[in-house]
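Colleague: What follows is the residue order along each chain.
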Amino acid sequence: MNIVVCIKQVPDSAAKVVAEGGKANWGEAPLVMNPWDEYAVETALLQQEQHGGQVTAISVGGPAATEALKSALAMGCSQAYLVSDPALSSADSQAIAHVLAGAIRKIAEVDLAVFGKQAIDSDMGVTAPQTARVLGWPVISLVSAVREIDTGKGNIVVERSVEDGRQIVEGRLPVVITVSKDIAEPRYPSFMGIRKAAKAEIPVWTLADLEVATPTPVVHWPEVENPPSQAISTEMISGEDPQEIADTLVDRILNEKVF
Amino acid sequence: MSGKILVFIDQSKGQAIPASWELIGAAKVLEESFSGGIAAVVAGENSKEVAKAAFKYGAGEVYYCDDPALTEYRPEPYTDLVVKAARELEPELILFPTTTRGRELAAMAALDLKSGIMPDVIKLEIQDGRLIATRPVYAGKLLAKTYCDSSPQIISARSRAFTAPEMDDSKDGEPIRVAIEYSEDNIRTKVTGYSQAEVGVSLMDANVIVSGGRGVSNNPSLSPPGEMDDKQAEIWRAQQGFAMLEELAKVLGGALGASRAAVDAGYIPYEHQVGQTGKVVSPDLYIACGISGAIQHQAGMRTSKMIVAINKDPDAPIFKLARFGVVGDVYEIVPALTESFRKKLA
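Chains as they are written, first to last, in the numbering used here: chain A, 1 to 259; chain B, 1001 to 1346.
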């Protein structure tokens, strides 16, 4: 089976991010593979172990994003490609979807494209369904378990979560899926994997390589700002015994009439 | 901007998701700038009843489609319906709730309509004749101001960020049935099973959330039954602890949340996780029990109107966000709190 996993490089989730001059600044915090994408890589590798074939990791970003792709290689992905092009500096999600679809087409004969739920920097959560739409493939999002893939029949059966419950969805390959956190715990890179990743040369594709036209972004992000600081004056509640503390606390909460 | 606003009413099993009505509230605020009126579209089995309710919340025209292809939710036929409605009604703005369904439909419709999506928006305002959508990024550590310079502008709005209009029973209208032409052969997915989630208040819609962290497993006075190893005993203790928190949540008509540490330790299912890699919530009251308040957890709850923290450690970072704090044992304070709320809310 030919699997593609799409990943993004983001600032570490523990980073203290502040707005400076309308831009996000995460200081010295490391750039890592988007945490949600680790679940996507794990899902792809589990399917490869069961059905054979290869897992290709792709990312769109600057040259530094090769580090995220190396993490994917260290986990066990067979190969990785970076799509990097100065024309993508102000790309919106629609543009990224066209680029990823172009990369998936170039890899060719892909059965399954796996995405994380969303990137923890832009928090958009739309790249997978938009990429699926460009490709003309169905999308099944927030998959919590892959029940079965029958490569002979070209079928996939998964469980997915929506707000009100869980659906079992059967789809015909090729499909795009996004995975949720309860699908499987991502593996740590192996020593072999880390060695292989360190030596790997990651090919870079431009828009021309993908035969994708330079996109015109329609959604613009002129600036980011710090959220209004809430001046919170914390009041500590104490008392003789738990019941007294609780009674005081309840009175104080009800007094402020927030709910 | 003179066009229509089209609102997608998300419903499940004949019940509208509350955030859908909030969209009509958001649309009404913008009505001066978008003068073409508010249209609504609803899809699925029994959607006619939900469509009728949309008039009572203030929609001027309402369309519904109860084609069997839409009975179980699948993104492709749902997107086709929304796109068809958009092509016929030519709205300048389409609003979706940021539910699982709403977000992906908005994304796919944006692609089909050759426009752009701004998901999970918390604020809409007109500046210099342009609609500016504010959306949290970096899990709410920052706010991004965004706009879309093509039409229709497509937005999904975060639950509880906008206020639903009061329902007006005097308003009525006849929703218009829309047909889609679909053969199952053209839809490459089938829903072959469905199980309803455990009944309870959804974290996203809850006014009150009671959340527990790792600290919830530290009740030494509970003795686990039978032969349990240390790990099983720890999980058993934590589950008793979460049952205690759930009791408090029930008294407050709220939902049960958890920190990542509690979820990762296996105390409670992932559905309950609040934080950067869980749900981002914004209730009126958030009671954090035995949660120290890692930055990733803060990212998921810091916009709550009032935060109350109960923790043994007086230096826990969560206290910095809290309006009220109690340094104490969750196992002593929470049952007393439940009792007290029960009495005072009765």
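By construction, these hints were calculated from the structure, which means they are not laboratory data.
We put the CB at the ideal spot given by N, CA and C, even for glycine.
Treat the hints with caution; some may be incorrect.
Keeping only pairs whose Cα atoms sit at most 20 Å apart, straight-line, the calculated EDC-like set for lysine to aspartate or glutamate is [said to hold, decoys possible]:
| hint | chain 1 | residue 1 | chain 2 | residue 2 |
| --- | --- | --- | --- | --- |
| 1 | B | 1028 | B | 1092 |
| 2 | B | 1312 | A | 244 |
| 3 | B | 1344 | A | 159 |
| 4 | B | 1344 | A | 251 |
| 5 | B | 1343 | A | 244 |
Ranges of calculated distance between the beta carbons of each label pair, as one might list FRET restraints [unchecked claim]:
| hint | chain 1 | residue 1 | chain 2 | residue 2 | range |
| --- | --- | --- | --- | --- | --- |
| 6 | A | 259 | B | 1223 | 28 to 38 Å |
| 7 | B | 1222 | A | 228 | 53 to 63 Å |
| 8 | B | 1264 | A | 234 | 26 to 36 Å |
| 9 | B | 1125 | A | 258 | 46 to 56 Å |
| 10 | A | 148 | B | 1125 | 40 to 50 Å |
| 11 | A | 191 | B | 1264 | 18 to 28 Å |
| 12 | A | 108 | B | 1207 | 48 to 58 Å |
| 13 | A | 152 | B | 1220 | 30 to 40 Å |
| 14 | B | 1168 | A | 185 | 24 to 34 Å |
| 15 | B | 1218 | A | 211 | 38 to 48 Å |
| 16 | A | 206 | B | 1045 | 44 to 54 Å |
| 17 | B | 1317 | A | 191 | 45 to 55 Å |
Colleague: State the violated hints by number, sorted upward, taking the hints as numbered earlier in the document.
Modeller: Violated: hints 3, 7, 9, 13, 14, 15 and 17.
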